[in-house]
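2 protein chains.
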Amino acid sequence: MKIGAVDVGGTNIFFGVFEDDLLLEKKQIPAEADKGKDVVIKKLKDVMKFFKEKGVSRVGVGMPGLVDHNAGVVEIPPNIEGWIKENLKMILQKDSELEVYVINDANAYVLGEWKFGAGRGKKDVVLLTLGTGVGGGIVSGGKLLLGKTHAAGEVGHIVINPSGPLCKCGQRGCLEAYIGNKYFEDRALYMKKKFPDSLLNNYTEITPRIIAECAKKGDRLSTYLWNEFGHILGVGLVTLIHIFDPEIIILGGGISKSFDLFINSTLQVLENRVMSYKKRGVEVVLAQLGDEAPLYGAYYFALVKGNVEDSSH
Amino acid sequence: MKIGAVDVGGTNIFFGVFEDDLLLEKKQIPAEADKGKDVVIKKLKDVMKFFKEKGVSRVGVGMPGLVDHNAGVVEIPPNIEGWIKENLKMILQKDSELEVYVINDANAYVLGEWKFGAGRGKKDVVLLTLGTGVGGGIVSGGKLLLGKTHAAGEVGHIVINPSGPLCKCGQRGCLEAYIGNKYFEDRALYMKKKFPDSLLNNYTEITPRIIAECAKKGDRLSTYLWNEFGHILGVGLVTLIHIFDPEIIILGGGISKSFDLFINSTLQVLENRVMSYKKRGVEVVLAQLGDEAPLYGAYYFALVKGNVEDSSH
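Those protein sequences? They're chains R and X, same order as listed.
Numbering-wise, the working numbering comes out as the position in the first sequence, counting from 1, plus 2.
Numbering-wise, the working numbering comes out as the position in the second sequence, counting from 1, plus 2.
To be clear, the hints were calculated from the coordinates, so they are not data collected in a lab.
A few of these clues could be false.
Given that identical chains are not distinguished, each listed pair holds provided it fits within a single copy or across any two copies.
BS3-like, lysine-lysine: derived pairs with alpha carbons at most 25 Å apart [stated by the list, open to error]:
id, residue 1, residue 2
1, Lys125, Lys307
2, Lys281, Lys170
3, Lys195, Lys96
4, Lys39, Lys281
5, Lys96, Lys4
Generate the whole structure from the sequences, applying the supplied hints.
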């Protein structure tokens, strides 16, 4: 049976056709989310037509925002102009006569890595996506955690320091307010002024990639910034390990590409701070599917007909 | 069918006989844990004999320490002299021919409150026991979280502030290192010197109960200390709410008796810091079973034959 999978991002819509766990074909189109929800919905309807032509019978859609996994209702997805609350499942099923399942994109990411990536065969998985936002999700005892309003797994908003920097969520000192892209860049911009010798002063705009390049060239400030990044990530992981006692922690998202630059610092914090650290034997690893993880997850979600409760097998 | 339940504490061993969810009879004996593991095990064997005489066929035992819920192996329970690692299930089954199930006491507490107390009928529950230690456990999607080494739910050791006070676990700034009994008392001892007018200066030894009494008499420092307590608890709950998106948060343990003195401060933090706080509608309530919660949980664990995986119904 062919299953379609869609990953709706702020910039692009990715979609692909799966059969027997294989991604047969993958495409992308610009999301043009700034042009408003009607434009995005029209594009998704076109994707359904494409799926129809390909002989797809069932579709999984990964969406940002608050998603009711049963009803397929999506609320306030960030970046999509004018989208308050839409029953996307109904909208896409209506014209296409396809069977559509809608899942939150962070959860789709977790499902993808858990079932087809770094978390294969594990029952207790914590996944963090490190990028503009810090997101993720949790599998505990072979079950994806959803929570009452399906908003569980907001690991970017665990409190690292209650009087820490302001986060865009309104809180102070969230994990994201330290290691989210923008915050990490701001930290570098602030610090480079204090280190006039740093290579970072050759750049007016700073990105995690530039900080990584400079670190690889031996720039001390850049190395320091990655160590600090790793340290703060580690503090967040201590909390998650004490709460979930996971087998594996998977790091994905753009910044995870610099894994080698921060991981030693992270592991050192775990060694120092996690109770019974050695006995637990928790692994911290890189995600394996890259940007395709949410696509694989959306596929899996459709495969099990949205029945995450039974998705442990 | 009669089921026996045991709750092994540092000071006392509580035990009781249940039938059809009713606690028919309850007893307690001193644990004398300082006299060593052999004394405690002997006492537990005597309890099994008592159960045998009462016509009990199955027993649940709540134990402190790291418990393997399948094997019934208990490691390093705090306060029991000389206990490294014992297969308590085997030991108690051998002589008695009873069917014995061993569960960690914090998990027993959660099971008890979830099935028979404040969490009845809920699927997403976070429970904290506030006392000498800060413990607890989590039910997510109708399932008790255990984790890889059955050490999940260590909510007392989520990080509130990475450079905060030293915790007995070796970390800094754990939730417990602020609101655990001893830390809370130390804070009061420190602060009362700065407030010579405070009623707390009438006492040389300070306990949470004394701080509560002084607060009720209008003592400003004591009121401040409870507000601070509530605030820090709130910061911890923000993290837990963002991760679990629970329906209900249940507070138990000795200090929870002062619920009225700290809860407003806690709720204020949640209102200020939790994303989509109103939409979630999460309740924060007092535990209902008091000290009997672990007994009820141990009973339930035996009732379902230790099969927590299927305990959602």
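Structure-based check of all given hints:
1. Lys125 - Lys307: Both, since 20 Å and 21 Å are each at most 25 Å.
2. Lys281 - Lys170: between (37 Å within a copy, 19 Å between copies)
3. Lys195 - Lys96: neither (57 Å within a copy, 71 Å between copies)
4. Lys39 - Lys281: between (50 Å within a copy, 23 Å between copies)
5. Lys96 - Lys4: Intra 19 Å, inter 56 Å, cutoff 25 Å: intra-copy only.
Violation of the numbered hints given earlier is confined to hint 3; every other hint is satisfied by the structure.
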